[in-house]
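*Asks:* Make the full structure from the sequences, and use the hints.
Residue numbers (numbering that gives the first Met the number 0), protein chains in the order written: chain Y, 0 to 328; chain Z, 0 to 328; chain L, 0 to 216; chain W, 0 to 216.
In case anyone wonders, no lab produced these hints; they're calculated from the structure.
For every residue, glycine included, the Cβ atom is placed at its ideal position computed from N, Cα and C.
Any given hint could be a false lead.
Straight-line C-alpha distance at most 16 Å; calculated EDC-like pairs for lysine to aspartate or glutamate [said to hold, decoys possible]: (1) Z:K308 to Z:D251; (2) Z:K200 to W:D121; (3) Y:K231 to Y:E279; (4) Z:K231 to Y:E24; (5) Z:K231 to Y:D6; (6) W:K174 to Z:E219; (7) Y:K231 to Z:D12; (8) Z:K178 to Z:E312; (9) W:K95 to W:D107; (10) Z:K231 to Z:D276; (11) Y:K200 to L:E28; (12) Y:K145 to L:D121; (13) Y:K231 to Z:D6; (14) Y:K200 to L:E114; (15) L:K186 to L:E170; (16) Y:K314 to Y:D181; (17) Z:K127 to Z:D65; (18) W:K95 to W:D4; (19) Z:K145 to W:D121; (20) W:K62 to W:D96; (21) Y:K113 to L:D121; (22) Y:K113 to Y:D125; (23) Y:K145 to Y:D181; (24) L:K174 to Y:D12; (25) Z:K178 to Z:D167; (26) Y:K127 to Y:D141; (27) Z:K113 to W:D121; (28) Z:K308 to Z:E281; (29) Z:K200 to W:D24.
Computed footprint of chain Z on chain W, listed as stretches where at least three residues anywhere in the stretch have a Cβ under 8 Å from a Cβ of chain Z [what the hints assert, rightly or not]: (30) 36-42; (31) 73-82; (32) 165-178.
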Amino acid sequence: MQRIINDPDNVVDDAVRGYLRASPEFYAATDHPRVLKYAATTSGKVGVVTGGGSGHEPAFLGYVGDGLCDAVAIGEIFSSPTADAFLEAFRVADQGRGVACLYGNYAGDNMNVKMARQMAEMESIDVKTVIARDDVASAPADQREKRRGVAGEIMMWKVGGAAAARHDDLDEVIRLAQKAVDACSSIGVGLSSCTIPANGKPNFTIAPGHMELGIGHHGEPGIEVVPLPDAKAMADAMCDPVLADQDFTGGDVAVLISGLGATPVMELNLLYAHVADRLEAEGITVHRADIGNYFTSLEMMGATLTVMKLDEELKPLVDAPARSLAITR
Amino acid sequence: MQRIINDPDNVVDDAVRGYLRASPEFYAATDHPRVLKYAATTSGKVGVVTGGGSGHEPAFLGYVGDGLCDAVAIGEIFSSPTADAFLEAFRVADQGRGVACLYGNYAGDNMNVKMARQMAEMESIDVKTVIARDDVASAPADQREKRRGVAGEIMMWKVGGAAAARHDDLDEVIRLAQKAVDACSSIGVGLSSCTIPANGKPNFTIAPGHMELGIGHHGEPGIEVVPLPDAKAMADAMCDPVLADQDFTGGDVAVLISGLGATPVMELNLLYAHVADRLEAEGITVHRADIGNYFTSLEMMGATLTVMKLDEELKPLVDAPARSLAITR
Amino acid sequence: MQFLDTSHGSDILGDLVDVILDNRDYLSEVDGSIGDGDHGINMAKGFRLYSESIQGQSLSLAKAFTTLANTLMGSIGGSMGPLYGSLFLGMGNASKDLDTLDARTFGDMLSAGLESIQSISDANVGDKCLLDTLVPAVMDYRHAVDDDDSFTSALQALRNGAERGCESTRELEAKIGRAARLGERSKGHLDAGAVSCCLLLVRLADSTERHLERAAA
Amino acid sequence: MQFLDTSHGSDILGDLVDVILDNRDYLSEVDGSIGDGDHGINMAKGFRLYSESIQGQSLSLAKAFTTLANTLMGSIGGSMGPLYGSLFLGMGNASKDLDTLDARTFGDMLSAGLESIQSISDANVGDKCLLDTLVPAVMDYRHAVDDDDSFTSALQALRNGAERGCESTRELEAKIGRAARLGERSKGHLDAGAVSCCLLLVRLADSTERHLERAAA
Ligand SMILES: Nc1ncnc2c1ncn2[C@@H]1O[C@H](COP(=O)(O)OP(=O)(O)O)[C@@H](O)[C@H]1O
Ligand SMILES: Nc1ncnc2c1ncn2[C@@H]1O[C@H](COP(=O)(O)OP(=O)(O)O)[C@@H](O)[C@H]1O
Ligand SMILES: [Mg+2]
Ligand SMILES: [Mg+2]
Ligand SMILES: [Mg+2]
Ligand SMILES: [Mg+2]
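*Replies:* This is how it looks when you write it as structure tokens:
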């Protein structure tokens, strides 16, 4: 395990200390060691909170900033933050206008957010949630409630954060964040495994020369393991289920391709060329494309594709200014 | 080889097509397939050009943008661009005020730039160069002319680009870019190898449980191969030669830690915490820190540390606004 | 009639801490075959933190369970924090105002723990998870009490139910957690959470029985 | 006296293309032991592009060398583009205005190539690079001409010098290029650039000799 760490059991705390030292313009500490808040939140707005396991950097903490999230709860690697952490994030984000908690559909996160909401209620903090379920590979469309959240969460934070920044009220922030993530269909391909420091050995295996289509962000199994195709065929294998999930034709879309960690960014752009060809061929117009390492899985190789259907309500929110470690517009 | 590519011999062309499609706000094509120019260069300024081998993304093309470079020449993976490509980059960047070609000290780049300058002379394009030599591990201080350029190049582009953006003349842009990179001392640590698509097998080997201190951006050997230390000891092993290279004490510095590709960004921040401790202990004030994947080597694991001595002339140029795929300020 | 003096919380939970710390590597190994191999790490981390935080204090059973629950919920996160946290919080709340527990109120405490965990998780018996241990153990215990068995025999029923339930997971296909991704391939292995739950319930029964014996002596 | 008719450029350079394409894998293999294993790929790419671009055209020697040089410089980049590009550009320039080459002017052409490459690279004999082949080959050729040997014997001197020079790199420690990073460990292996240069010079001598023979017949 070739890692830059000290004690494998303290990786997250040690890293949080680094983020605080490196980026004081974005992060301020809170009463909870696993909660960071935006150092320069504007006042009088709905608080936007997210949280999740570590190992997905820049998610989740990289999306704390202007026009995005106000606080983040940070879990162990690939493991939900505690209820306490979510609660403290609610507290520091709340400015009396309520808190939108925007997170992904994982069992641990669901349970911890649920408990944190109960505790927040006792403190009269009004918390509403949107749970991202954009991974088309994790369940069929008619069982959307089972689907995992993946990189579509970024669009949820972007839109929810932009709505909060323009002082929309809590219900409106929630409505728009929900609309944003519902407009997203995502899928991942895994080309190699990753190693959690505390475990010290690869989390799963993908045989060389193969890829796992529909893999989850923690290596959850996908639809099938197939021989590694060329980039054009890979783009089609990813576009097929995504474009079948919603009717994107005739409209504008935002596209996000995120690397899973170790795949060079030039390959993500190479992949995008074929995705763009395919979308064009299907009469779908790309309004904007974000290509980079936006939501990773430690040092996995592979990528996720997210296509988001835009309308006149979502477009300005997707394009609105934002400033954080992960995205700047 | 788990890569997202088509024909391994066409990786660079295929990726350039992707960059052009994904980021039309930054890139415009030119008459040379391996040259991209900034899509929105402001007029009447000195042109800033860079270039180098591919596989270092976001370097070099990610530094084309506002307040940075105006054109980039793109080589094969880990291989210099052609003289033709540099020449075309000079042509598209020149607005009659001359061109600053800011690149790194590698044999191929030196030869191709030299030939391109000769050709540019025949076209009456005034080209001056700054050659980055910031890698302290690649030669002793008294043989600085032999040193390789590594992530200090980013500071050279940032400062040279900012000087050009405020309409400094060519000599001044060159002077400041040279001053910027001379103010940088860098070192890398390699934790794993990488595979060039056209080769199909790892470029070199680092035994598990070891790291190579002073490794170059293409796997050039460093000072020594040592057992992989913890992050704190690694920070010291990197700080020792860097801080011995120049007298940084008592002043302000900019710090840049770049991942080499596959090392998770949380580990880079974790490493930074110890670098920050060390600098503090030595009475050195960090003016700003940039931590992320700024100059990579395909999917190598590891990191580079760059410390840059700032003065009142450099500080505003380092902080000046910039907008590109790789950095935004 | 047999009574458990609820002032022995630190003692009894000390036994639970021991069984988790002693089986740290075993639990990770079980998790390793169909999960991600960290169940022992996660559990040991939470139980050790609890143990360190109450060092030298003599707590009531309710206080000890509540403290353990808060430590798990506040420090380990993931799924185990809320799940075991809820279980022990439920048990702590149920025993809060009682100086002693008899066989029936001990059973009420177990049921409260089960209800608490069910309020946070949708998992069911048969999903291949810790409920496969917990549910039959609590049911068997309650049946024994309803049959007017002694506290000691009821505790034996608890052990038997836990062990049978835990063993039942070997042939189940996982419907929940990481192992669910393996589908058919998850068969043939014990579930890590079912194993930790079994270890905890058996040790709880052992510890309780020892206190009953001591009280009788 | 023997003369080479410079109208046979396409023919002679076709032979050079063949030797590079035939040895693509061998050159990469040699580069693999102390370099990054792509020398054959790089060279073959440039020579194939040249060959495709002049398909069916009958070029003079000067035109053919200049076209090859421009293709290498314009398409392969790295170090090989400028180095071999300069070599062939120098040779092309030197033969530009001549309809025939005798032993001496052929030697001037070789020297012009060597000077051209030296204007772009600081590398020297002993650095373990293609100059270790090129320099002794050109020197031996010139000495043979100065000794009034026949064109054919001078070409044999060129071959001998190239082969001796190439072989000398086996015991050298690399001072330049990627292999320099290996220090002592670079000893015991041939240098890839020295090998490609040797293959090219030997084939150039063979091809020239064949044309001399045909002219005499
Ligand atoms: N939703 C759930 N309800 C009940 N038990 C669960 C649930 N999810 C997981 N488990 C239990 O958790 C155990 C794994 O725990 P652990 O390894 O600590 O967490 P993780 O799966 O996050 O690595 C499984 O063996 C299973 O018994
Ligand atoms: N500066 C230089 N001058 C002369 N020859 C060089 C120089 N640098 C490298 N070489 C030659 O280049 C050869 C390697 O070429 P190649 O493998 O194509 O390029 P790369 O080293 O970029 O992979 C070496 O064997 C050596 O002979
Ligand atoms: Mg886990
Ligand atoms: Mg586990
Ligand atoms: Mg090479
Ligand atoms: Mg090579």
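*Asks:* In ascending order, which of the hints set out earlier in this document are inconsistent with the structure?
*Replies:* 2, 4, 14, 17, 24 and 26
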